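With the sequences and hints as input, model every part of the structure.
As given, the protein sequences belong to chains W and V, one line each in that order. Per the numbering used here: the first sequence = residues 731 to 883. Per the numbering used here: the second sequence = residues -15 to 146.
In short, the hints are calculated from the structure, not lab data. None of the values given here were measured: they were computed from a predicted structure. Ideal placement from N, C-alpha and C gives every residue a C-beta, glycine not left out. Any given hint could turn out to be false.
[Claimed, not checked] Reference listing, derived: stretches of chain V covered by chain W, where coverage requires no fewer than 3 residues with Cβ under 8 Å from a Cβ of chain W:
| # | stretch |
| --- | --- |
| 1 | 79 to 91 |
| 2 | 103 to 110 |
[What the hints assert, rightly or not] Partial selection, computed: residues in chain W whose CB lies under 10 Å from chain V:
| # | residue |
| --- | --- |
| 3 | 747 |
| 4 | 768 |
| 5 | 786 |
| 6 | 874 |
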Amino acid sequence: MSLLPLFQWAAHTPALAVMRDSKWGFAIVEMVHLLALAALGGAVLVVDLGILGIGFRRQAPGRVARELAPIFVVSLIAMVLSGTLLVGAEAMKCYYHPAFRLKMALFAAAVLFHFTIHRSAIGSFSTWSKVAAVGSLTLWLAVGLAGREIGFL
Amino acid sequence: MSTLQACQWLNDTQLATAIRESEIVFPLIETVHVLAIALLAGTVAIVDLRLLGLILKRERVSQVAGQILPLTWVGFAAMAGSGVLLFLAEPTKSYYNPAFRFKMLLLIVAGLNPLIFHRTVYRNVAQWDEAAAAPRRARLTAYLSLTLWSGIIVAGRAIAYF
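In structure tokens form, the structure reads like this:
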């Protein structure tokens, strides 16, 4: 099944007209997206760098991750919601944009990685957990870079 | 020399022109700037939320702040460095940009906030180090900090819209 009809619908639905036609509608949602990025990025960096021995070294990484999980989850939800609105504003441009497609694939991989391998690996300071930390940092960085790339073209 | 004249002089330097005219350098610096914001604002927010007693309640405040502070400084250095380069690319435009001016104002206040905090309430941290939530004045600092840094991010994004 192709997602094209969904993007075509988004491009024409009156519900998203504010996002398409108003400069500030788009700008405000973009600001929310950026605020959530700072929170999400901060939580990811602190947990993963802690595992690598930078920052939170005296606490068990699993515990730090659990404590920061609310920040991660809330900002993830905020990013998905604001991101959906941003896509709605430029649905057709996104649909055909290679960077957008790449970002969605990387994002899916990053979220999946976070809730499976990453979650089970970071209980300690083992080599395996360090590998998971580097993997997580790489994936999220790639999501961010691909996201920035959408702004071009 | 006035600030505006200084901006105009900067605007015409070779470095400024090079950054402005390169298709890759400017967005690259921008990306570093956004990543640095995640490190800076993200770590600041974690300390603020600890002061408010919302996360890491069982960890000592001084331990959380002490371990995270080096990361905050790295984020600050990267943000300031990339920020100066971004400003350098368009000094005159920034000078007249209301969002830029507001952001600089917020940055000064956001810098003063921890400076005052560390010289006042935080000096007695030993007395409330293990408490879930910090004393009222420390919590006020945390709210102020969260508001200021959010404002800085919003104002920073708004620069592109003026």
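request  = Return the numbers of the hints above that this structure violates; sort them in rising order.
outcome  = The structure breaks hints 1, 2, 3; every other hint is satisfied.
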